Amino acid sequence: MADRVAIVAVAQTKYEEARPDRRVFELAFEVAERVLEQTGLNNDDLDIRVTCSQDHLDGMGISDVPVSEVLGAQYGAEEKIASDGAMAARYAFIQILSGHYDVVLVVAQCKESKVDQNLVANLAFDPIYHRYLGLDFLSAAAMQANRYMHQHGITPEQCARVVVKSLKNAKNNPYAQRAMDISVEDILRSPVLAYPIRQLDAKPVSDGACAMILVREDRAKRLTDKPVWIKGVGSCYDAFYLGDRELADCDSLAAAAKRAYQMAGITEPLKEIDVAEISAEYSYQELLWSEGLGFCDPGEGGRLIERGVTGMDGELPLNPSGGLLSGCPTHVAGLSRIAEAVLQLRGEAGARQVPGAKTALAHGFVGPCGQLQCVMILGK
Amino acid sequence: MEEKMVFDEPYVAHYQYSVGAVGTKFFTELRDNKKILGMRCPACHLVYFPPRATCHRCLAKLDEWVELSDEGTLITYTVVHYSEPVQPQEPPFAYGLIRLDGADTCICHFLGEVDPESINIGMRVKAVFREKGEGNMLDIRYFKPL
Amino acid sequence: MAKRAAIVGVGQTYHKSRRPDVTQVELINEAVKAALDDAQLTIKDIECVLFGNMEECEGSFLTDCWATLGTGAYMKEGCKIYTGGTTGTTAAIAAAQHVASGLFDTVLVAAYEKQDESVYGMEPLGLVPDPLWRRRFRSGAGAASWFARVGTTYMAETGATEEHAAMVRLKADRCACRNPHAHLRLNLTMEAVLKSPFLLYPLRLLYLCPTTSGACALVVASEERAKRMAQKPVWFKDWVIVHYEIEGFEGFFPEGRITSHEQAANILYSRNGITNVRRDIQMAEIYEPATWAELQFSEWFHFAEKGGMWRMVERGATDIEGEFPINPSGGVTCTNPIGCTAMIRVAEAALQIRGDAGEHQVTRDVKTAVATGFGGSFWTEMVLLTKSLD
Amino acid sequence: MNQKVPDQYIKIPHTVRLLYRYAAGPYMARFCKELRENKRLVANRCPRCRRILFPPRISCPDCMVRAADEWVEVGPGGTLLFFAELGRPGIDTRTGEVQELPASYACLIQPDGVLIGQGCFSHWLKVENPEKLREGMRVEPVFKEERRLGTLEDILYYVPVEE
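Chains as they are written, first to last, in the numbering used here: chain B, 408 to 787; chain D, 491 to 636; chain E, -9 to 380; chain G, 4 to 166.
No wet-lab data here; the hints were simulated from the structure.
Bear in mind that the values here come from a model prediction, so they are computed numbers and not experimental data.
One thing to keep in mind: the hints can contain errors.
[To be verified] If you only want the chain E side, here are some residues facing chain D, beta carbon under 7 Å, derived:
id, residue
1, P10
2, I33
3, L59
4, N262
5, G263
6, I264
7, F314
Just so you know, even glycine gets a beta-carbon here, dropped at the ideal spot from N, CA and C.
Required output: the full structure, derived from the provided sequences and hints.
Take a look at the structure:
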């Protein structure tokens, strides 16, 4: 690509079960402050701030009003992407490519502890046919998990292995909320939330924020000696009604990945990508999304983890950070995945570092059963 | 300075959702005649259920109504064990994704008159109607195994 | 480097207070289809679908997800953009940026509000103020009080009288009556306006924007693509976004600080060599949330010298046939489906440049037009559109 | 098929009920505590431009630098910036129903010690002599004497000070 866009700084809060000590936009400021410190930039250097949050989660209309204020947008610009954080980074990338802005601050913040997530998710279902059945993203995901496992013979043990791997990896991640050595049996013994999803198959409620600074190529060198380049981006919507989709496939993720791979010139993702950070709120999603991302053939997600391909020592370490299962709020999730990928490429991932990582993939999604998917390819 | 203060505050807002001309016809037939209608896309040739005014794939206007069977196949399901105030049933209860005979897409609804242990994907189910319809999706109380 | 982006399709619904005949997605679809028809494209030609609305109005979460049934975003790129009242311009700007990035040749952007879905109209917007600060005290002292204050200040500072606001409202109504898409088309007389009750002196009920259900959509295309298309392209020349902290809204701009409108205008004009605003720009579609604001905002945008806007109104300069038409569509006091109100400004300005505004086409030859958005806590967005690429 | 077009469109009612836990954070917590325990209003400052931040905040919108742990007492009396007789009360978001108002006027107050543009707030105004109301007059708060929670509702309303 002729015009390159670099990520020159990233910051995350530690993800925690609840942050009763902070307003949600204070979390946003705290991570933004750190990326400014890292780059030596100040408020005047920011061309625009792209924030990511959701009014119904924040309990506030136009909830970016206080956010833009603490991010110094007095006489400045801010736009809110009401989607996943990865979509906010994608938009910042597009803004820089458009030539209109050179330096963009991206921040996503969310306090899931603020409101019952299932009740808010219920409002995402159409009020004509589905909402008053009481559906939410958990019960929808359970139907997808069941369909996926049935169609492809995925076992509960294979799903549980995702949790074992994630929580073990999380022990190396100082930002992780939940980290432990746990057995497949522990997970299969945990209470069922919505069959076949058990309590330990699901991500915990989490509060936190993530920020990064994206700049045009010619600005990058002065701000960091380790810029990370955005090589490819793709997004895609699936059908809205669950019944309009084959839930055992993930067409929209495959399409989003195809676009990102094309842009980045990737033809064999498993070989060419060194590390991937993907958004899986439930254990089955890591397997299903792996198929959509082309890490394995459709239906092979279960064997992928069994063969250890996605472990820390495997061919493609998946979620060295522990991923969402180790704790990360929705909507911050995708941006946090990108931040983790950036740390890997900069060689700054500490104990969770994948040695020699040169190309990374980050992924985020929103909507019931992953309706809108976003894939980003990053490189050194 | 580090005192934690938290204010709990309810939020209540009332809405009335238009189901539109298409939805009104569908719900009226369901309520008054216990008929389940879908719509066929003239371009994609798929029969959509629930009905909609436009094909989400090609944006063609849909106006061909198709009467669907009240029997269908269970595509997937879940048994819910947690409780939320918006759920109209007490857990444990089951949601299913059901493809009615004659339709190409599925509807999500409750499964009833069934032991959660004996539900299986691919089983045949049949709609159980509410005696007196009210003009919403709950005029079908649930789908039961055949 | 950056590519040029053009509006090649414009669509909107007929705006009404209630639309029980359609669902939210059916309403959105009306505008989407109109925009695609206008561009002489089908949804297959679209690569990316952007979307915006103010979700409290419908009590829905992730509205872009359900909306895919009406926008045609199925298997396409896209996302939701939401910045309150400015959502419509932010989304239009986002579409321009998606195309200018070189990644997309055709982008559809849609916005809507179906306000009849809320039992109490705009009341869910009570969620906007900070719960620890002003949420409890919004009754009577919210936006309406600010617009009343604009009126009293404007009169005190400029020598305008109450009748000048009435003239602005009458002009809006005259325009709306010639725009079949406008919501309130009342055939008002001066007498009727002056009989409208005061909400707060000098803000009459008629001076406030209505509660509207409607949708708007634009098709934006790259230069290569636009030049191959049948529809006359309208080019995005530039855009600017300026925020202000919320104390600006409630506490007014202190002495020595310029408003977000002036700041936006200064940036936009200086960047684009606009030295004589009324000469270099031929018309404006501005987001005037209340009649008094049209007078005040217009001066902040430098459409008139300070304190001079009411004189322009007096001589009919802002009419459809005037020397500098403002809101020939009837503007926001006639039509206000919140999430897409600002996008309608862009759509209407584009129609004026194309010469396709029909009955409300301005008589002046429009080569350059400006559309503005207003929202958040005194946030201003401006979009500069042109007929030709130069 | 019955092709009759229905003349009455069906609507589906729905009530959104959520419970939010709003944290005050360290800055507003201090404000709330001072209000609850000492009937005082406090603000903090930007260490760079020295402006007052009211309500107190983590950072300055002008400079985007973290606010200093430097507190000033402002108000609680102040100047009446604006007032309006309340017509139709709005909907209380806590109940979804019409809000009960403790006074018949709403007002905007510039608390003593805060410059215009650096913060003001809305409140209720209890008025004995409406004809004497004018912008710029002094107003003083009437506090709740018991069960103060630390929110601005601990002030029942403001009253104008007639000269």
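Tell me the hint numbers this structure goes against, listed in increasing order.
Hints 4, 5, 6, 7 not satisfied by this model.
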